[in-house]
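Fit chain B to the known structure of chain A by using the hints.
Chains as they are written, first to last, in the numbering used here: chain A, 1 to 406; chain B, 1 to 406.
Derived from the structure by calculation, the hints contain no laboratory data. Just so you know, these numbers come straight off a predicted model, no measurement behind them. Don't take each hint at face value.
Copies of the same chain look alike in the list, so a pair counts if it fits in one copy or across any two.
Cut-off 30 Å, straight-line C-alpha distance, at most; resulting in silico cross-link-like pairs (DSSO-like, lysine-lysine) [unchecked claim]:
hint	residue 1	residue 2
1	K91	K106
2	K122	K106
3	K220	K91
4	K103	K119
Here are the chains, one letter per residue:
Protein chains: 2
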Amino acid sequence: MALRVQKYGGTSVADIDRINHVADRVLKAHDQGDKVVVVLSAMAGVTDSLIGLAQQASNVPDKSELDVLLATGEQTTAALLAMVFKSRGYKAKSFLGFQAGIKTDKSSGKARILNIDGKNIKQFLDKRYIAVVAGFQGADEDGSITTLGRGGSDTSAVAIASSLDADVCEIFTDVDGVYTTDPRVCSTARKIHKITYDEMLEMAILGAKVLQIRSVEFAKKYNVPVHVRSSFNEEEGTMVVNESADMESVVVSGITCDMNEARITLKKVPDQPGVSAKIFTPLAEAEISVDMIIQNTRSGGETDVTFTVTKDDFDKAKQISQKVAKEIGSSDILTAEEIAKVSVIGLGMKSHSGVAATMFQALASENINIRLISTSEIRISCVILAKYAELAVRTLHSAFKLDQEK
Amino acid sequence: MALRVQKYGGTSVADIDRINHVADRVLKAHDQGDKVVVVLSAMAGVTDSLIGLAQQASNVPDKSELDVLLATGEQTTAALLAMVFKSRGYKAKSFLGFQAGIKTDKSSGKARILNIDGKNIKQFLDKRYIAVVAGFQGADEDGSITTLGRGGSDTSAVAIASSLDADVCEIFTDVDGVYTTDPRVCSTARKIHKITYDEMLEMAILGAKVLQIRSVEFAKKYNVPVHVRSSFNEEEGTMVVNESADMESVVVSGITCDMNEARITLKKVPDQPGVSAKIFTPLAEAEISVDMIIQNTRSGGETDVTFTVTKDDFDKAKQISQKVAKEIGSSDILTAEEIAKVSVIGLGMKSHSGVAATMFQALASENINIRLISTSEIRISCVILAKYAELAVRTLHSAFKLDQEK
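Next up, chain A with everything else stripped away, as it sits in the complex (with noise of 0.2 Å):
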């Protein structure tokens, strides 16, 4: 008998036959003995709906009454699948968020989870009740409805596991788990068994987009043990778990590619104290992210200062490197939005040398020149033009033997 948080997304309630579908998959868990929480989200497109409706009432609708707007979406999905186990003959409970004791901050929009109170659910759970919490919300101390952001009902799913020590959280979703990199890029991609949530971290923002990166980190804080898997299916998926002894022999788990991001260059800087902060404070005051940053020493007191950002903020961020070039002296700007980030993660390499030497010469192999490096302890990523992107994933899957059950 274990306690399972189950998190079904918005493709898993798109209408009543799959909440259906839900609903017979929840009670083959709770059938056997298991107490079962279920967090669920909006039936897809509602969420992009109500937003619509929100552009109609305003230009720039206020964040917090957006929130309670929104939380609609996820209030009708939690209601209409109690009901369905009630008319089933089974016990079972809604929980809002504020009702499933989620306190938030006041972040509007993108609140962050201070602390839960699982105390409610419990008691419920204790009488085998199924509880079904509408995920993405929670409320702020002034009891003010919030939500977590985009993705925020993975949180809302790996919080409430937490709160009530589950043994295990699930995020179905549409796909059956995490890949070694995209399969529709690389069809000898393999469904990975295992990872830790470092990787996954890396993996997520890297492009994966399979669990909210809050969720992943949250899980690391409180040690949640995720398990991603399909809706659609009854395989395992992929567990993705704290670091353990059986780990350690796989030196690189993924292989990633962010095709989102364009490359700036302003030539010829003066390589002066002070310079760096003149081109990057303006950026940060725009709240424009900045990914990579590149500088190369030049002769002459001379450096080429490069970076990336996201492509949605390319426009604006050259336009304040054109202004900055012209105040510090540089000569030129370069710009490039053909570009891609390819990524390989692998929590192996705190202890393994060489893996970056692998990557750069399985590109040289097909030719393919790096623009840019950067790493983290645990990744390395290159970015390369973008046109060799599908090739240079296909090459490193390869090179470190993606492909080849371990």
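Structure of chain B alone, referenced to chain A:
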């Protein structure tokens, strides 16, 4: 400077355009210095489509979960209107039922308000916020969401007005007030400028449908002045108030007609103690409400018992009555569905005699036969054949000189 509670119904908030009109109207009061609490219904049609969704999920949707589902309708309009105010530069905040301090009992789908703590709203009003309250909903002692039944937003508005000691509770609707009778039936119907709670209760019960009955009961209990008026024009509507000296001259305030009843007669019932109980107990057990009951004593220790029920309950009531008739030895059952109940209503009846006589004479003058009569302190109702209903209404309207301005 006044404190006004303004309630807008579903047609007044049917889309963003109309919500903007509501905002205009509210701001007119706000800008002249009034404190305004706005209470909203769901967009027209939304509650029905949510019920449709629930019926897809379950043949008999669980009532408490249905409350959670339906509450999203008013949550949506409240958030949208608050957004509109904020985008126009005003301070505003939406309040769900529980945030507005509306505590109810646990009767899902028809909860009764136990008490309201207006403290939260008052704080914001004092800071010149416009408070936008989701009507129709509250929360029980456990914090579960409840709804107040069809038209419940009227009751929300009156209850909030009472808790804040508001100067007026304005009910904005798609008609411009309460009329002496249905203007579609009688072209000389006039708008009533002032009516008492008791008269309004009789009018509401008999089908005027302008205000939820319970809102009028609430207004009467706490002496809340209610102003029923159109959301589409600026005209004064109808004030619903406590009995006052200047109203005594009006004997009859209005004529109503209810076509939604059917008649059942048990013929030749033994005239013995306990027989009535045998007839009406099974009906009560089947949750059928009986409206009028008439017993005519016949010769020979027998009597005819006639009663009316709503058409919805007619088939079930007929079936039960047939069974009872056999058991108690009634000779026969007669039924009539094509009936109408016309009523004259007026506080003045308490002190004026002759109202009944005038009513019966007027009907007789048109050869309209009266089948049943029932009376209350301020109402006389006659059941007649349905085909005479409109003629009866016009005749009575003119007989009591309701077509003449007083």
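Up to 30 Å CA-CA - K91 versus K220, copy category: neither (33 Å within a copy, 40 Å between copies)
K91 and K106: within-copy, between-copy, both or neither at 30 Å Cα: between (34 Å within a copy, 17 Å between copies)
Status of K119 relative to K103 across identical chains (alpha carbons, at most 30 Å): both (13 Å within a copy, 22 Å between copies)
Up to 30 Å CA-CA - K106 versus K122, copy category: both (26 Å within a copy, 21 Å between copies)
Checked against the numbered hints above, the structure breaks only hint 3 and satisfies the rest.
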